[in-house]
Amino acid sequence: MSDYLNDNPNVVEENDLPSRKVSEDDQLLMGSVGSQTCLKKKRLLLKIDNSGQSSVQQAVELLDKMLLLNSAPELTSDEESVEETDGESLEQTNEEWEPVDAQEIYDLTAHISDPEHPLSLGQLSIVNLEDIEVHDDGDYNKMAEVIIRITPTITHCSLATLIGLGIRVRLERALPPRYRFTILLKKGSHTSENQVNKQLNDKERVAAACENEQLLGVVSKMLSTCK
Amino acid sequence: MSTLLSEEDLNDFISPELACTKTTEVTHEPSGVDPNGEYVVEKESEAVSKVSITLSDCLACSGCITSSEEIMLQRQSHDVFLKRDTSRPLAVSIAPQCRVSLATHYGMTVQEFDLCLINVFQQRFGAQYVVGIEYGRIISLHRTIEAVRQWKAQQEGAAPCLSAIDPGFTIYTEKTKNELVPLLVNVKSPQQTTGHLLKAATGPELYHLTIQAVFDKKLEASRTECEAEVDCVITPRELLSLFAETDTDFVQFRTQETSLYTAACPPTLSAEISWSSNEGNSSGGYAYQYIRAQQQLYPGSCILELPGRNKYIREFRLVTDPHAGGATLASATELSGFRNIQNMVRHLSQRAHPHPQRRVQSLRKRRVNAITTSPSSSSSSFARPYETDFIEVNASPGGAINGGGLVNDAQSRRQREELTAQFERRYHAELSSVDPLDSRLAVPATPPLHYEFLQLDPQQQQQQRDLVTVGNTW
Amino acid sequence: MAISLIRSLKLQNGKTWALDFTPQGNKLAIASEDHKIKLVEIESLEKKQFKLVNVLDDTVHKKAVRTVAWRPHSNPPCLAAGSFDTTVSIWSFANNDNAIEDDDDDDDAGAGLEANEMDLMAIIEGHENEIKGIAWSHDGMFLATCSRDKSVWIWETDEMGEDFECVSVLQEHSQDVKDVTWHPSKYLLASSSYDDSVRIWSEFDDDWECVAVLNGHEGTVWCSDFAKDNSEETRLCSASDDSTVRVWKCVEEEPDGQQQWICESVLPKAHERQIYSVSWSDDGLIASTGSDGSIVVYKESAPAVWEVVETRKLAHTVYEVNEIKWIKVNGRNILVTAGDDGCINVWDFQVLLSQ
Chain A
1 MSDYLNDNPN
11 VVEENDLPSR
21 KVSEDDQLLM
31 GSVGSQTCLK
41 KKRLLLKIDN
51 SGQSSVQQAV
61 ELLDKMLLLN
71 SAPELTSDEE
81 SVEETDGESL
91 EQTNEEWEPV
101 DAQEIYDLTA
111 HISDPEHPLS
121 LGQLSIVNLE
131 DIEVHDDGDY
141 NKMAEVIIRI
151 TPTITHCSLA
161 TLIGLGIRVR
171 LERALPPRYR
181 FTILLKKGSH
191 TSENQVNKQL
201 NDKERVAAAC
211 ENEQLLGVVS
221 KMLSTCK
Chain B
1 MSTLLSEEDL
11 NDFISPELAC
21 TKTTEVTHEP
31 SGVDPNGEYV
41 VEKESEAVSK
51 VSITLSDCLA
61 CSGCITSSEE
71 IMLQRQSHDV
81 FLKRDTSRPL
91 AVSIAPQCRV
101 SLATHYGMTV
111 QEFDLCLINV
121 FQQRFGAQYV
131 VGIEYGRIIS
141 LHRTIEAVRQ
151 WKAQQEGAAP
161 CLSAIDPGFT
171 IYTEKTKNEL
181 VPLLVNVKSP
191 QQTTGHLLKA
201 ATGPELYHLT
211 IQAVFDKKLE
221 ASRTECEAEV
231 DCVITPRELL
241 SLFAETDTDF
251 VQFRTQETSL
261 YTAACPPTLS
271 AEISWSSNEG
281 NSSGGYAYQY
291 IRAQQQLYPG
301 SCILELPGRN
311 KYIREFRLVT
321 DPHAGGATLA
331 SATELSGFRN
341 IQNMVRHLSQ
351 RAHPHPQRRV
361 QSLRKRRVNA
371 ITTSPSSSSS
381 SFARPYETDF
391 IEVNASPGGA
401 INGGGLVNDA
411 QSRRQREELT
421 AQFERRYHAE
431 LSSVDPLDSR
441 LAVPATPPLH
451 YEFLQLDPQQ
461 QQQQRDLVTV
471 GNTW
Chain C
1 MAISLIRSLK
11 LQNGKTWALD
21 FTPQGNKLAI
31 ASEDHKIKLV
41 EIESLEKKQF
51 KLVNVLDDTV
61 HKKAVRTVAW
71 RPHSNPPCLA
81 AGSFDTTVSI
91 WSFANNDNAI
101 EDDDDDDDAG
111 AGLEANEMDL
121 MAIIEGHENE
131 IKGIAWSHDG
141 MFLATCSRDK
151 SVWIWETDEM
161 GEDFECVSVL
171 QEHSQDVKDV
181 TWHPSKYLLA
191 SSSYDDSVRI
201 WSEFDDDWEC
211 VAVLNGHEGT
221 VWCSDFAKDN
231 SEETRLCSAS
241 DDSTVRVWKC
251 VEEEPDGQQQ
261 WICESVLPKA
271 HERQIYSVSW
281 SDDGLIASTG
291 SDGSIVVYKE
301 SAPAVWEVVE
311 TRKLAHTVYE
321 VNEIKWIKVN
331 GRNILVTAGD
341 DGCINVWDFQ
351 VLLSQ
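These protein sequences, in sequence, are chains A, B and C. So in the working numbering, spot 208 of the first sequence is number 208, and the numbers just go up one at a time. So in the working numbering, spot 214 of the second sequence is number 214, and the numbers just go up one at a time. So in the working numbering, spot 341 of the third sequence is number 341, and the numbers just go up one at a time.
None of these hints come from the bench; they were simulated from the model. Glycine included, C-beta positions come from ideal geometry on N, C-alpha and C. Check before you lean on any hint, since a few could be wrong.
[Unchecked claim] List time: in silico SDA-like cross-link candidates among lysine to any residue, alpha-carbon distance up to 20 Å:
#1 B:LYS311 / C:ASP206
#2 C:LYS249 / C:ARG273
#3 A:LYS198 / C:GLU218
#4 C:LYS63 / A:GLN214
#5 C:LYS186 / C:PHE142
#6 C:LYS51 / C:LEU5
[Said to hold, decoys possible] Which chain C residues stay away from chain B? Per the calculated CB distances, all over 10 Å, these:
#7 LEU45
#8 HIS73
#9 VAL169
#10 ASP205
#11 SER294
#12 ASN330
Using the sequences provided together with the hints, build the complete structure.
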């Protein structure tokens, strides 16, 4: 292990990572997502994720991509007019939503693998519970903000942008669209802090990166260990 | 550094702004190239504001200077020169554009500058030889003319061949338009040929420092097949840094002693020729000299000079006596600047590999047939660069006389163009001219000197294209 | 004044990046993440009727289509689309193939265009990274393209939009160039960049040169738009990551071609996050939108004094909005927005003259 260049002397054991004290699975899941349907979906996802096999993971990736690529089929015909969606009202307006908290963001990101190590971002203390800020009043109709400050293991680690990308992709896939994520390097943790921060929070750059097969492959690998 | 870098070479995650050696403009200390800041990989851009390798200096560097190239560049700096093994005898060569630029900087005539330079390198740095590069250029010219003639004989009517004298263009072609590599005229540049001549005169232990107008010359010298000929390449801007760091007051070495020319020239070469230049453009005049050489084969023929769509394209066309029909016998183009290179490579690539979108092709043909009434009459008065036998390509607009390594303190593009025009005038006015085609010239024999171009098969080319378009960075 | 939603058109899952109207204002081209270019016809604004009339050959672009632009004064209408796959495609409405010789007759006939079929006329290659923005000059003579490769390219083209010759490669930006936009009547180009600046370019000699650098934004400049009024003044608005919109004004043209620009106003802060798009209407209104999903409309109440006249939150529900454009249809001010929800939203903007 000491062969790794950015080996972190303080590797945290998996079991010692900060976690919610509630052990009830359902309660945890309810806390994070809220509705019964979402709970079902999430359970399913967890099952797939937990298997951790790359082939399954790839299938999920593929599915994700296909969902993105496929346009609504009813629109492909010249004859039909464009489907209308009512932008004025939102479904589920009256449903009760519990806000996401820092612990959930932590749980979503701490198990991402470091691109260089067989260790997770949590174990390497790249992601830390106390460096996650959530501004969310739980209102489904409003935007919510998540700010994560990450600590790269060495100050010139050029993989910082990749780690940040992995975190962003993970969160964007796991959480509903009302969340805005700001991913920052912790102050003083990196020699090119501003540049990395700028890149990680540039929507267009991130979107293009997600169409880069090479990068996507690496990111998928990083995310394959997520629980 | 090494483990991390090799990792990045595979999956280059460095974003361009972290990896890139380019910065915007030189706004302060124009002559001060920071010895440490120059090729630093990971540094905030604010800190690297002194260096400027721009795309016009190095075509290949727009987000694609890889770590390995940065390392290569690091091997070529005035720092490296200062740390050399001083037990090795030293030879210095200098490209003519650099002499004009530096003479302008020091307020000297080119001859005053040449003598001063010889004096400095002999007195201050113990150089055995200090020479110009015209010998090397004449050899490159001869070989190029032979190669173009062969190309024309074998490929009548096909694509033009392209000069490979400008390493910026060559590297760009190898890296991003590999399918055009077969068009490159594989003749080594004057920089390398001069190195060969110097080392042949002395021995491989000779240390050859050469002063060149463009940064890409460093990349050329770093090629495996070029290492034996050149040990270090610096630009005039770095030369100023070298003088500054060694407390060398250049003008103090001013001298009238013209015997220095001969004293600093190996006995196998003539000093007079080495410090000369030749007719044609200030980057070597390959296109013009090829046409001149062809003219010698056709008595009574005449050379037309045809303007292109902008001032950085010019065609020389050899035609039979206009009264006898004015048929084209040979043609060659001078073409420079990134935009013109872009149009050229798109045109030639398209010809080499017609676009997979067949629909576009057929549609285009139909429309062209329907609309244009092919005004062939206009073709005689304008350059048709892609129809010529040979294209002399330079990355810097206007050629090496506008090289990024020259001392050019201009703040705006217009000022820069003015200064370049001034350099151009001085180049033609002050350098004595030799005729490279003069059969009486005593040119030393050298074996053919060739590059080993990176050549990929079609499948590899596709992979390369994918890699380039995907972009290693995000 | 009021903004009201006329229609929301869901076109696909995934982002809609950009949109543009034909010069006639009857058709919309839409660029989206799914690699496709879609054409929507406005059949009747009153009846709120819109129709997806064509999805262009989706094998042409291998990645997201980021930007679209209709060529002015082109008959048949011609469309350029820029993609993350580094290329720009040029499309033209198909004429009746058999009647090519009768081009002159076809030109004024709207009937031949009913098919809504578009032919791929050319693919422009050259940029090394994703294309981020494209724009045609007012007369359709030049096409400007910009990319993450830090450069802006200017292409000259023939009447048919088949042959493109690069006339300039502008490399002064030190970072990703996000957007290009032309002056409505002059050969003056503005480019917005990740290097936080806007650069103004003008023709000189047989090339183009940077005549001004607009510094002031404290983050990526995503978009800019020239004022459309016919006055002598040259003004530009710009939208940035720093969540401000600025208005710039050219105050002096020097003999050497350089221009002096000043930041005339920073518009009242109405966005909470990045502003991705800004549009200056024919009658002097500025609209902006961005990451916070709000549409904000500003009016110049006195010279260089701007006020927010309308804010519409959650324009695409909780999604980000990538582009906003004004269009005048039958004298009505219409706003169209493209969002991450895959929708194009069409808005009516009523100006109450009594104010």
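Okay, the hints, checked on the actual structure:
1. B:LYS311 / C:ASP206: OK: LYS311 (chain B) and ASP206 (chain C) at ~8 Å, within 20 Å.
2. C:LYS249 / C:ARG273: violated, 25 Å
3. A:LYS198 / C:GLU218: holds, 11 Å
4. C:LYS63 / A:GLN214: holds, 14 Å
5. C:LYS186 / C:PHE142: holds, 12 Å
6. C:LYS51 / C:LEU5: Holds, at about 17 Å.
7. LEU45: holds, 34 Å
8. HIS73: holds, 17 Å
9. VAL169: violated, 5 Å
10. ASP205: Per Cβ check, ASP205 (chain C) is inside 10 Å of chain B; nearest 8 Å; violated.
11. SER294: holds, 28 Å
12. ASN330: holds, 35 Å
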